[in-house]
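First to last, the protein sequences are chains A and B. Read in numbering that gives the first Met the number 0, the first sequence has 168 at position 169, and its numbers run on one by one without any break. Read in numbering that gives the first Met the number 0, the second sequence has 48 at position 49, and its numbers run on one by one without any break.
It should be emphasised that the hints constitute simulated quantities derived from the structure, not laboratory data. Honestly, I wouldn't trust all of these hints.
Listed next, the in silico SDA-like pairs over lysine to any residue satisfying Cα-Cα at most 25 Å (straight line) [unchecked claim]:
hint, chain 1, residue 1, chain 2, residue 2
1, A, Lys207, B, Ala14
2, B, Lys32, A, Arg211
3, B, Lys32, A, Thr188
4, B, Lys32, A, Ile148
5, A, Lys207, B, Glu43
6, A, Lys98, B, Val15
7, A, Lys200, A, Ile15
8, A, Lys98, A, Thr188
9, A, Lys207, B, Gln29
10, B, Lys32, A, Leu196
11, A, Lys98, B, Ala14
12, A, Lys67, A, Tyr130
13, A, Lys98, B, Phe20
14, A, Lys200, B, Glu43
15, A, Lys200, A, Ser4
16, A, Lys200, A, Met0
17, A, Lys98, A, Leu196
18, B, Lys32, A, Phe7
19, A, Lys67, A, His182
20, A, Lys200, B, His36
21, A, Lys98, A, Glu80
22, A, Lys200, B, Ala11
23, A, Lys200, B, Ser33
24, B, Lys32, A, Glu80
25, B, Lys32, A, Arg201
26, A, Lys98, B, Ala11
27, A, Lys200, B, Glu31
28, A, Lys98, A, Tyr157
29, A, Lys67, A, Ile15
30, A, Lys207, B, Val15
31, A, Lys200, B, Gly22
32, A, Lys207, B, Ala11
33, B, Lys32, A, Leu203
Here are some, though not all, of the chain B residues that point toward chain A, as calculated from beta-carbon distances under 10 Å [as the list claims (entries may be wrong)]:
hint, residue
34, Thr5
35, Leu41
36, Arg44
Here the structure is a predicted model, which is why all the values come from computation and not from measurement. From the three backbone atoms N, C-alpha and C, an ideal C-beta is built for every residue, glycine too.
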Amino acid sequence: MRSFSILFDAIVFGTILLALYAVFMYVPGERQMGAVQRIFYFHVPAAMTAFLAYAFVFIASIQYLRTKEVRWDMVARISAELGVLFSIIVLMTGPLWAKPIWGVYWRWEPRLTSMLITFTMYVAYLMLRSYSTSSQEGTSRIAAVMGIIAFINVPFVYFSVQLWAPEQQLHPRSVELEPQMVHARYICTVAVMIFFLYLLKRRLEQEKFALRLERLRTLIGNPS
Amino acid sequence: METDTTFPYLFAAYAVIWVVFFGYLVRLRQREKSLGHALDELEERLGPTDSTD
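Only chain A is shown next, with the shape it has when bound in the complex:
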């Protein structure tokens, strides 16, 4: 188990280094946008990873409602937390890319707006979990329902460039990339997703440990 953990750490570190090499050394400069286009290689994978995290929330929430097993509730909560983390990266790097290209940091166009709504729903999900005055089981049940409903937004974000009229869009419907850019995009997507799995694993271990500690406290009669 320990050697697997070390191997996993090495893979995470190695893929991030490889991704940085691909972005800053391997990929040729984009002629029209210039240097700022290199934001793309972490901006898009961060968005894909946020969607993956929200899909985990969706599946784990269904599983929790089906089985009432605490582990599914734990996976849903941690995935939502990580989805929000990756969404913050998307929502902060996007405007920094937009400003020199579109001339504005933000515009209420379909993809930006739908992404912001999705982010807000998952922040609300986490707030519900933190501040709810219901019982633990009641909170988990309401959160699971919310985790399922919130996921409805994700396809809207993804397909927003097709669903709304082109004149309302700033995001392009399709992007033509040189082969090296495509390679870099794949490398970065894999690196960011592996990093997400690493964070998920670490947070799950923490939460399991905290749960065991809480049970031990109860057993020896120390509720502090």
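Given chain A's structure and the hints, the job is docking chain B onto it.
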């Protein structure tokens, strides 16, 4: 390497990425430490035990 006017935006974006990730990792580490302290306290309450690790 390009020398264009968009460089500050590229720098700012990657700075944001690192700050967000490192901030989260620091938070994880702090939580691990606090769990470790909680375990130490519990062990103290239980009295001296033989460490097998």
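Which of the listed hints are broken here? 1, 3, 4, 14, 17, 19, 21, 22, 29, 30, 32
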